[in-house]
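Enquirer: Below are the chains, spelled out letter by letter.
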Amino acid sequence: MSRFLTRLLGHSSGRIGGVIVLAYILIALAAQAGLTPYDPLQQFRIDRLQGPSMAHWMGTDMFGRDVLSRLMIGIGQSFLVAFSSVGIAALIGTLLGLTAAWFGHLWDGLVMRLMDVLLAFPAILLALLFIAVVGPGTFTSILAIAFVYAPIFTRVVRGPALSLKARDFVDAARTFGSSTSYILTRHLMLNLVAPLTVQVTLALAWSLLTESGLSFLGLGTQPPGSSLGLMLSDSVNLMEMAPWLLVFPGLAIMLGILGFNLLGDALRDILDPRSRRAVA
Amino acid sequence: MSRLLSVRGLTVGFGRGDTAKTVVHGIDFDLSPGETLAIVGESGSGKSVTALSINRLIDDGGGRILGGRMEFTTARGEVVDLVSATDRRMEKIRGSEIGMIFQEPMTSLNPVMTIGRQIEETFRLQQGLGHAAARLEALNALERVRIADAERRLGYYPHQLSGGMLQRVMIAMALAANPRLLIADEPTTALDVSVQAQIMALLAELRRETGTGMIFITHDMGLVAGIADRVMVMNGGRVVEQGTLDDIFDRPQHPYTRHLLQAVPHFSHGRHVRRDVSPGGRALVRPALKVEGLTVRFPATTGLLRRPAGAIHAVEGVGFELMPGETLAIVGESGSGKSTTARALLGLVKASRGSFSLHAGDEIPRRKPIQMVFQNPYASLNPRLDVESLLAEPVLAGGVRPDGDTRKRMMSLLERVGLPSDSLRRYPHEFSGGQRQRLCIARALMVDPSVLVLDEAVSALDVSVQARVLDLLIDLQNDLKLAYLFVSHDMAVVERIAHRIAVLYAGQIVEIGRADAVLSNPRHDYTRRLIAAVPTTDRRRDVFRLQTEAVPSLLRPRGYEPPEAVWAVCGEDHQVLVEQRAMMGEAR
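Keeping their order, the protein sequence lines are chains A and B. With the working numbering applied, the first sequence covers 1 to 280. With the working numbering applied, the second sequence covers 1 to 588.
So that you can see chain B by itself, here it is in the shape it has in the complex (with noise of 0.2 Å):
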């Protein structure tokens, strides 16, 4: 069978002149029609500089490619060096033989334009239909993709739909020309965990139909395990390592895959969970944290008089206890209210209703006791202030002038991060991004609080960084008897860190209890779900179930107020919500 791609020698770079910078050293590989790669790398490592020559897109962002061959066999047999192709030639083949899939589908669609417009566009286009034939191939399109109720949906704008959705729209405008060659990059990095399982099944679906052949760019190990037939790893702009999928997992050669391998976290349906902290002791201290009935409801308006129609119920009810020394994962997807819980107890969002307490600790007045580590460690410093500056600031902001001891407590802290003791005159941007999250940790430790809560504090570092971090959190826990509230969609990493898990569904937890038994014994419903979506490496060639089951709406009416929560004990520390009749009535 003749080769769909087969690329040799291909040199990327950026800037001309004294700034030019070369990414990608002269990279080979070949993909067969119907066969999937996938291109795994932590950023910078090229990969998505790669898929971004192949269709050529690179000379919009500023690249050249200076050097190699990308032989490219279109559908009528013609083989075009996609290097020399002209530009006419390449607005040809893509999207009628190269489709592309992009990460973000909210920036990726015109929020201005149906999205039915837009599809229909991409036929209209490709294949020259008119107006009405067009609209049918977006109707099919769109049930291909397994949108339910496609024809309502066609009249939708993109801030309509959700972002599993709009992906499954960019898929669909991807495959609108049966192209040969599908690239997707990092198609799932900005979804949940379980529409991300979603859209794999939904991808290795439409492959075994259409016999595309796909180039899968990641930097999840474990996603890759589920997709694809070989795989190609990437570290600073080279190929370390390519092969079968079986020789990359369990016969890796180069230690880069090794290290790619060992760093992402395994989940092991609870048997890794951490026991240091013995689960009879809980009885005998006083919980550091204490929430009862945490509830946070935001007032929804309708039509142009604002009328009130009710409220968003983002939080409901929810209580839990949290020792010292002890962490507690919040898990649930976006929309849960996880994050929502986080920011209450931080004061960020107003409580409607519910009490936490705070306790500090016996030994020496606390200043603070509660701090945050957010998401995003480049939008959680300011740009402008030094790091000297940025570490004063919980310290000024408890009324304390900061002197010696304030500076040499930001050394000890410095060091105990593990970042050079030169840092305190730097800028953030001098950081990298593992680095800042870092500085985020010492920052929220100034004030030696007693409760950490950490926002997805890891979700947005690169694998291996990732790891370090965890590290670093765990040994700070273990020191400063730290009681951290982790608030993650990630289960491979909330196994690694959480002694105790709560499962967060619909701004109510569902299901609570220690992290072995929650991860082992899944009694809810919706945890199975979760569990069932996480990719790992030890699932391969699992087929990815497709689910059309929406998040039901969080919108209740004016004046309603939920049933009592009722839970069922299964077990020592493990309980769930049982369901009532008339809340899932409510839901559907």
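If we strip away everything but chain A, and leave its shape as in the complex, we get (with noise of 0.2 Å):
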């Protein structure tokens, strides 16, 4: 593990990557232990829509609300959604892609086809579709991203559980009479666990633009909560009078999914066995 670290920390891009989300996840934890500067529904009525400032370090919105407090109670409300739609796609993906390698046959068509169904549409149409059905929320908002990106983690799981599932080690395994759920847990899951660490994170970076996507289209997070999404949307009438309500949350987008998609680079590098050799 240590070994692990020092590796991640050895490769920049993994540095900066891993800085950045720490970062992020570090603002999310203090927002929800209410440590923001203001209540961040709190409205300032004579301080509205006021620039930066030393009182307010990123202005105040149209409701004379704090920029910088709302921001950190939507970041941690975007990673809620991101890491928890990730981890059910995560879930169900690899459940699928695994059983649809083991059993193949009937199982596997029926499932691959689903998902090459599902694949067709775009990511954020098919979001869409989901809510239309189920409702808009934070709730519903994660389960139509996990929805969405479920059937990228059955195909990451799938194509290696087949190549694994045809390795000798799995065949003596049959030999020894092992059960099906050991072989599938230590013999595949175990094999696997580098590429869906790389997946994982780079689905994070995809999810948090989805879920900042479906707030801006006022299918997320609900006001007067708060999410990177929703401050968009709320503010993009304004951007002429009060660029900076745009300004941040954008930046705040951005430099997530940036780390985001670092980190995921630097752990394909690293756990990638084919590409070690390149890194050291």
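Think of the hints as simulated: they come from the structure by calculation, not from any bench. For clarity, every value in this text was computed on a predicted model and none was experimentally measured. Even glycine gets a Cβ: it sits at the ideal position worked out from N, Cα and C. Do not take every clue at face value.
[Stated by the list, open to error] Distance condition first, Cα-Cα at most 20 Å in a straight line; then the derived EDC-like pairs of lysine to aspartate or glutamate:
1) K408(B) with D448(B)
2) K350(B) with D168(A)
3) K481(B) with D250(B)
4) K21(B) with D59(B)
5) K350(B) with D265(A)
6) K92(B) with E78(B)
[Stated by the list, open to error] Facing chain B, according to a computed beta carbon distance under 10 Å, are these residues of chain A, among others:
7) D47
8) T99
9) D116
10) K165
11) A172
12) F176
13) G177
14) S178
15) N191
16) V193
[Said to hold, decoys possible] Quick look at which bits of chain B chain A covers, simulated, 3 or more residues with Cβ under 8 Å:
17) 105-115
18) 345-351
19) 391-405
Relying on the hints, combine the two individually framed chains into one complex.
Expert: Given below as structure tokens:
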């Protein structure tokens, strides 16, 4: 584990990505613990639409609420959605991909064709469709994003699982009479940890973007809650008057995605044995 | 006569800076035109690196030539130092002056181009021939390497040809421009014995015809005997000994050479079989494994609609008995059904018909009476599990929670197979190939089986390692009264370990009996062919015969049932299948 951390810190994009992601998580936790400069819902009527100042580092919005406080809460909200949706997607996708590869035949065909159909739609469109059916809200957007990204995990797992299934050590396990669940968890899953870790990190970046998109369209987090996408959509009409309302949440989204992408690239380099030499 | 190649102080290394490592330490050798030099050594001896350095392909492999000179005399009489030649110059020399054949013919050819086009390409690039002329040359080249029906084969894709055929294609391409030097890097290691014999025969014939100088790289001392004029033995990146074939074989000076020569399993036509189980006692004990009429068929389909076209009869009516403490070797070439037989016994493939019964011995109730050791120790251990988890698996699979006793058993088995006692916490990649195979054997023994199926269990190991693992297996067998089903293509190895031999051909046992009887007095044509193809150090300058006969297809029409097997008894415990005319007609 410590060797893994050393290698991650030795990788230049891993270092940057790791610091960004860690900083975001700390911010989100701090906001959750109430460590924001102001109450994010408190309205300073007199100070409406003020630019950044010493009192309000990122200015105030049209209701006089502190942008920095709302941004911190928003990051927490966006991360909550991103992590839980990717978690669910990874769980479902892995389960489907693993069983499709292992049992093959009809189940494989059924699962994979369904995934092909889902992958044929653009992510945001599919999420929209899902929300249109279920109704907007934070919880729905988590489910929607999980639903959209599960096919990617299914594919990522099925390919390597198929090649692992044909390896001699799996045959050996079968000759011992090991149970299917033992083979799936110990022999297949253990060898799939590396590709899954990479995929989870990269999917976090996409799901952060999708969440922002959904909230921007008013289908994710509902006011008066705060999320990065919601902050953008609230302030889009005030763009010329109060550009800071757009700039800060926009930067927050961009940096977050950059962080996850850099981290994902670094993990891919470190965990993939084929490129290990190139790193060393 | 001037020298073709003269190498002085060749030093090759990999990596740069702190991680730099020298793998070839200043080697010298000479090669005259038309002469064959064999470079022999085990994995890691630097023999392949030396070969790749000669045509400077090592530059692409991450290595660097650190010093020395390699003077090569071209066809026009110029002397070129291959170490300092420019890349452009090397491109001209490669192919037209120095040809190369690699170990894996399957991966050396482009799978999406017909072999005809690939051969033509060599002619077009190297001799600037036009399309029609190149095609004619390609046809000639295929005929030169004795490929029957060459015109039709030009239109084949690599996957449509067998490994032996592909290696011939590779040889044809390497010889396309009449190079003065041919480098063959383990050209037959990936092939069956009888195919290997044919490739060796072809190389010897071509050498006589063309007068090409050859550097032949191998780990197999037996092969060297048939082809080399001079031998160079390498170990750890250094030349330990070089000399003429007779000098090396009859008067080896260096202990390592002697060690290599001793480690080669000598095939002696059944004179050195094991005699530690008395054949008379067979009738008295119950067999540990009894197989009757084992048949495995895979359905074959044709066309887009996947209509059933019949079945591949991979194993057909195989039956034998295996006594406790006895080794039955199953020999045959790839496609003969020997591995399928083993896998069917372990339940890895489903038997279509037939039965087998295991008798575990009366004393203790056994948990899992049959276990298997696979060919490739690198693939049969999960790289992410430590040794303790690996060894615990068969126990867990039997529904038993590992406890202190299990741990004690692990320790004693590790010691028994000759692995250090601190191995439990280590991972497979920390072990060498031979150690991994010992680990696999220990794992199979965890549940105290009565029958061990060894599927080519020593084929992937270096000769000296192979010899030690065989000794271990024999010791274990004698101590634990294990019955071995030893699947192998290597007759010399089989002779060392087998009590009885079953020869499998096209899915059927064609000959079965006591090892000495089968090896010294083979009755079936196929057994004779297999034995004739074994390369040994005793068969120096024996000319390998060329054959073009192919293994018959195992695809049979729907509903086909083979005729009842008729056995001819030819001695005590020695039977041979009587070939039936109908079947032979089918096979042709």
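Enquirer: Any of the earlier hints contradicted here, and which numbers?
Expert: Result: hints 3, 5, 7, 8, 9, 10 and 17 break, sorted rising.
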